[in-house]
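Starting from the known structure of chain A, arrange chain B on it as the hints suggest.
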Amino acid sequence: MSHRRAKGIEYDDDEVADYSDEYAEDTQKQQGMYCSLRKLSPEDQVRMHEGKAQVKKALGSSYSVSDKEIEEALWHYYYDVSKSVSYLKNLRPPQQPKKPKQASRFDQAANSAASTQKRKPDATGTHFSFVSARDFFKDTPWLQLPDHRRGNITLEPVVPRLRLLGGSSKPSSKLAALAAARKKKEEEKRAAAMPAIDTSAQQQLPDRAISLLDRLGSRASGESNTEKNAHLSAPSGHVSEKFQPRSYPVRPRKEPSSSRPEEPKETATPAPEPTKLEPLPDIKAEPSTFARIMVGAHPSSHGIHNRSKEGSFFSIPYADDPEFTKRNPFTGPSPDDVVVNAQSKGVKSDKQKAKPKEAERITNGISHVDHGKSTLMGRLLYDLKVIDQRSLDKLRKEADAIGKSSFALAWVMDQTSEERSRGVTVDIATNSFETEKTRFTILDAPGHRDFIPNMIAGASQADFAILVVDAGTNSFESGLKGQTKEHALLVRSMGVQRLIVAVNKMDMVSWSEGRFQEISQQMSAFLTSAGFQPKNVTFVPCSGLTGGNVVNPPPEGTMLWYTGQTLVQELDASETTKRAIEQPLRLSIFDIFRGGVTNPLSVAGRIAAGSLQVGDQVLVMPSGEKATIKGIEIDNGAADWAVAGQMVTLHLTDIDPVHLRYGDVLCSPSNPIKNVKSFTAKILAFEHVLPMSVEVHQGRLNVAATVSRLVAVLDKSTGEVTKKKPRAVQPGAVARVVVELENAIPLEGRVILRAGGSTVAAGLIESSS
Amino acid sequence: MRLIKSQIERRDGSGFATLLPEEPEDMWHAYNLIRPADLLRASAIRRVTTESATGSTSSTRVHTTLTLRVTSVDFDAGASELHVSGKVAEENKYVKLGGFHTLDLELNRNFTLEKAEGWDSVALDIVREATDQRKKAEVWAVVMGTGIGNICLVTENQTILRQRVESMMPKKRYDGSGKLEAAQDKFFSTLLTTLLTHLDLTIQPPKPLLLASSDFTASAFQAYIKRTAINTANKPLQSLLPAIIIAHSSSAHVHALADVLKSPAVLQKLSNTKYARESSLMDRLEELLRKDDGRAWYGPREVERAVEKGAVGRGGGALLISNALFRSQKIEERRRWVGLVDRVKEVEGGEVRVLSSLHESGKRLESLGNVAAILTFPLEDLDEEDEGDGDGGVDGTRVEGEGEDVSDIV
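Protein sequence lines, in the order shown, are assigned to chains A and B. Residue numbering for the first sequence follows the numbering used here, beginning at 429 and increasing consecutively. Residue numbering for the second sequence follows the numbering used here, beginning at 683 and increasing consecutively.
Be careful, since some hints might not be right.
Unchecked claim - No farther apart than 30 angstroms at their CA atoms in a straight line, the calculated lysine-lysine pairs in the DSS-like style are these:
no., chain 1, residue 1, chain 2, residue 2
1, B, LYS861, A, LYS813
2, A, LYS1144, B, LYS973
3, A, LYS865, A, LYS1006
4, A, LYS1006, A, LYS1102
5, B, LYS973, A, LYS909
6, B, LYS861, A, LYS832
7, B, LYS908, A, LYS832
8, A, LYS909, A, LYS963
Hint data in this document are derived by calculation from the structure and do not stem from the laboratory. No experiment lies behind these values; they were computed from the predicted model shown.
Next comes chain A alone, as it looks inside the complex (with noise of 0.2 angstroms):
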C-alpha cells in the first residue's frame, strides 16, 4: 500500500496536474474519453476477453449492462470477476439497492485500491463530479467538526443547501478508490482494537454509513466513546434517522435506543423503527464515492425519501457550524419531548424485560464465621471463568507468602488488607457471572457477628441467599447456634423465600452421605420453623476449595450416592422474584464513589422499586435534596434506563456530595418517602424486646432508637390481640410495637432491629410519623 501522503488524502503526483482540466469536463464524456484512450497490452485484451464473457454469464439476463461497463469494472478489479460482478449488480439494482450492496463496499474500495497500486500513473481515468471549491476544502480541519454535533442539531436550510449533484456510485476513479482503501485500512485498524463492536458493526449498517463510520473510527477514544460507539452499532433505523431530519425537525434528535451490543439479552427488546415515509422515486444518482469522502457524509445520502424533500438545494458549508445552528434553538426537539419520548419507550421496555430469559438475579452468600463463604464464592466466579487463572496465581502466591494459601480462592471475594490480614470477610463483596440462562449478581456477605450491619445491607438487595454450611464436625454444630441460624432469619425476615443450602467442605469427611444427610435433616427442621417453605429449600453438597459439585460435577467415586444438581444448576432453576416495577422510585444507597473526571459523584444500589432513566430528576432522602441522572451504569455498560430488581450505578450531577450518606433513599420527587422519626411494626421477636435502646437496620441504614411501648402481642396467624401492653415480648411471639428513632430517616417496608450485638426482632412498618 502507498504512503505517500498529502494532507487528508493521497494523490498521485500527475494527477493532481490534471485537476484544472477534468473539473470543467463533463463527466460521461470524460469516462468515455477514458475508454477509448485506453490501450490494454496483448495480455490485459485476453483476460479482459475471459473475464467479460464470464461476467455476463454471472450477470445473467435480469440486468442490462453494457459491455462497456463490463470492461470499466473488470479493468478496475483487475479481472476479478466476481467482485466486479457484485459491483455492476449494484450499478443496476432490480429491485432493493440495499442488500447486494451491502457487504462489497469495503472490499470494492480495497481492491480498486490494490489494482490502482498496480497499474501505472500514466493510465489514469480519474473523473470527478462537479466539486465546489467550499466543499473540496471541506474537510479541511476548519471544518472538520465533530461528527455528532453536525448530525445532532438539524435546522432548516435558511438559505438552500449547496449539494452534490450527478456523479456515479461507481469506483471508478482510482484517486477515490485510494481514498478509500486508506479510509478503510483505518478502520481495520480500529476493528481491530473494537473488534466486537465493529464486526456486528459492519454486518448491520449499509455500506452506505462507511462514512459514518470512518469518521467516527478517527476520532474513537475509548471510553469516553462508550456513547457514541452505541448509537454507531445500533440498528440501521437509528443511524439513519440520526442524520436525517435536515429538512424540518419533527423528531427528537437523541433517541436513547434500548439495545446496546454489551449485552446480548437486551439486544432481544428491538428499538422501535423510526416512521418512515412513503418512499419517492429516487431520479437522482447517488453522490460519487470520492465526492462522499471528500465532503463527508451527506445527510440525504443516507435517506433516500429525504432526497426528494431537498431536490436540489445546495447547503452551505457553515450550516454545519454549531455556533451557526445555536442561533436556531427550535430546531431541536425541547428537553421536555425527549424526556417524554424516553419515557415512553423506557416503559415499553420494561414490561419486556420481564421475560424469564433475561433474569437477572441478586445472590447472597451467608453463614458462620468460616464456613467458607468467600472461598465457596470465589470457587464459582473462578470456574465460571470470571476470574482467569492468572490472577488467582497472584492471589495464590500472596496468600502462599503468608502462609494462607487455602484463602486464596476467598481473597477473590475479599481484597481489602485488613480482610486479608485477618483472615475474614467484613463488608460485602459484590461480583457478577452468567450461566446459559441467567445473569446472577452475587454478594458475599461477612459472617462474623461483629459485621452482621454489613450482612444486612447485602442481604437487603438479595432474591433469594445461599447458605453456606460446614459439613465439618462441630463447626456445624457451632454455626447452627451462632450466625447460621442468625443470618437464616435475618435473610427470612427480610423478604428472601428461596433459600439454597450449600453443604460445604464435604472433602473434609469424605464426602460421606451419612453426614449430609443429618446435616440437611436439622438444618430442614430449623428453616422450617424459621418459616422456609421446605420446597424453597434445596441441599447441595459441595466443596469450595477443591471445587467438587460446585459448577463442575464432583470428583469421581466420591459422591456416588448424589444424584442432585450441582451449585450452578441450583442456582440455575431457582424462580426469579417479581419486581415492583409499577410503583414510585425506591433505591437505597448502597455505595458512594467518586467515578472520574466526567463523572464525579456516582452512586451504586439496587432499585427496589420503580425505573429511572438518564435525564431523570430524584430526590434524595433524609437531605430531600434533589439530584439528575446524568448517566446510568448497568455492569460496567451505560444504559438509558434501569428497572426494579437491577443493580445499578448512577452518575449525578446537580447535588453536592455532602447530601449523600450510605443508606439514602433515591425517590421520585413526585411521589416522595416520607422521613419517619417513630413508627408502629409489627415484630416478630428472636429474642427477649422490652422497651428498650435498639439499633434500627433497613439495608445501608443503620440508625439507634429506642422501643418505646409494647403495644400489644399477636396471633400468630390470625393477628389478633392476645395481650395488651405487655411486659416484655418472648422470642418467638409476634407483637406490635412503637419505635422512636433518633433522627429522622426514611423508612419503609422491612426493617431489624438489633441490640447489643444481637439481632432481637425483625418488623414490617405498619404506620410512621
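Just chain B, lined up with the frame of chain A:
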C-alpha cells in the same frame, strides 16, 4: 462541690445551704437540687441603666448579689452550664423587687439555696453525694465504627456526647482497596484532631481514653495515635498512649457504651462502683423481666402498687428510679416520688438507686418509664386494674395507641 455552710432543721427540712461548685459535674447536681419556687442567692452581673438629670442614659454592668424566687431551670449538658431564671425576691440598689433576672451559675462562686418545700431526703442525698470529695472517675470514650466516631465524656453521673465525627468512607470495591486506607487515615486524622480539642493533655497522668468499636476500627485508631505520637514526637500525646483502653462495643452508637462500661475489664480501670452497681441492678431487672415470673415490674403505677403491697423490701427488693422524676415541675409529682423513695428506704428496708437520667443506666430505665422495681416475691397482675381507667401519663398514651392499632390490623 463544697458545702460552705448549712442551717437545715432536721424536723421539717427548713433552712438553707451554701454551696461552692468546683467542677462542671457540680452543675448537674445543682440542676437536680434547684427547683421552681426555691430561693436562690448568687452573684450576678446585671446591666444597670441610669438616667441623668438631662435625660441622657448610660448603662453599666455591675456585679451584685441577687436573691431570686426560681421560676425555671435550664441545664445545658454539652457545656455543663446552668441557667436559673426567677423573680427578684430581695431588693437592692440596682434591682427592684419583682424584676426578672436570669442567673448563670458560675464555677467557684458560692450560691445559697433555700428550699421552698423544705429539704427532703432526696435533696439531702444529692447534697451528700455532690459534696463527696473522693476522686471522681472521669473517662473519655470514643465509640467508633467505620467512618464514624462519637466522642463522649463519661463521668460518674453523666455520659455527654461531646462531638460526633463522621466521614465518608469508600466501600469495598472490585478495583482494589488503596483508597480505603487513605480514607481511613484521613478520618483518623480528623478524629484525633477533634479529640485533642476536648482532651486536656496537660493533666498528668491523663484521664483514661476508652476506644470502643464493633470491628477493628478501635485498634486501628490506637495504632494511628501511636504512629502519630511517634512521628510528630508529640510528648503529651505519647503520655496518653498508656491510658488508652480498647473495648468491644456492639455498635457505633452512643448507647452501645452501656455494654462497654459494664465489662469487667473496663470497670476495673474506671473504678466507678456506683455505675457498676446500677448497671448490675438493671441487668438483673431485665433478666427477671425476661423470665416473666412477676418478680420485676416497671412503670409508675405498677411499681407504686408493688411498694404498697410491701414487695420491695428487705432481702433483695430494689427500687430503681431516675432523677428525671424528681425534676418534675409539679410539686405533687415530686412529693409522690420522694414519698415512694422514703417508704422503700425507711419503712420497707429495700435498696433505692436514683439513676442519673444522663447516664447510660438511666437511659435504659427511661424507656421503662423511669421507674422499676425488683420484688422480693412474685406479684401478678399489677397492671390489670389499669385497663380502662387510664390515669397517669404513660398509661394514657398506651390507651390512645391501641385505638389506632385496631384500624391497622384491618
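With the threshold set at 30 angstroms, check whether the alpha-carbon distance from B/LYS861 to A/LYS813 stays at or below it. Roughly 27 angstroms separates the two Cα atoms, so the pair holds.
Agreement of A/LYS1144 and B/LYS973 with the hint, judged by alpha carbon distance not exceeding 30 angstroms: Since the Cα atoms of A/LYS1144 and B/LYS973 sit roughly 21 angstroms apart, the hinted pair holds (cutoff 30 angstroms).
A/LYS1006 paired with A/LYS1102 [C-alpha distance capped at 30 angstroms]: 24 angstroms, holds
Measure nothing beyond the straight line between the CA atoms of A/LYS909 and A/LYS963; if it is 30 angstroms or shorter, mark the hint as holding. 24 angstroms, holds
Holds or violated: A/LYS865 with A/LYS1006, Cα cutoff 30 angstroms? 17 angstroms, holds
Assess, step by step, whether the Cα of B/LYS861 is no farther than 30 angstroms from the Cα of A/LYS832, and give holds or violated. 25 angstroms, holds
Against the 30 angstroms threshold, does the CA-CA distance of B/LYS973 and A/LYS909 hold or violate the hint? Judged against 30 angstroms, a Cα distance of about 21 angstroms means the pair holds.
30 angstroms Cα cutoff - pair B/LYS908, A/LYS832: 28 angstroms, holds
Going through the hint list in order, the structure satisfies each hint without exception.
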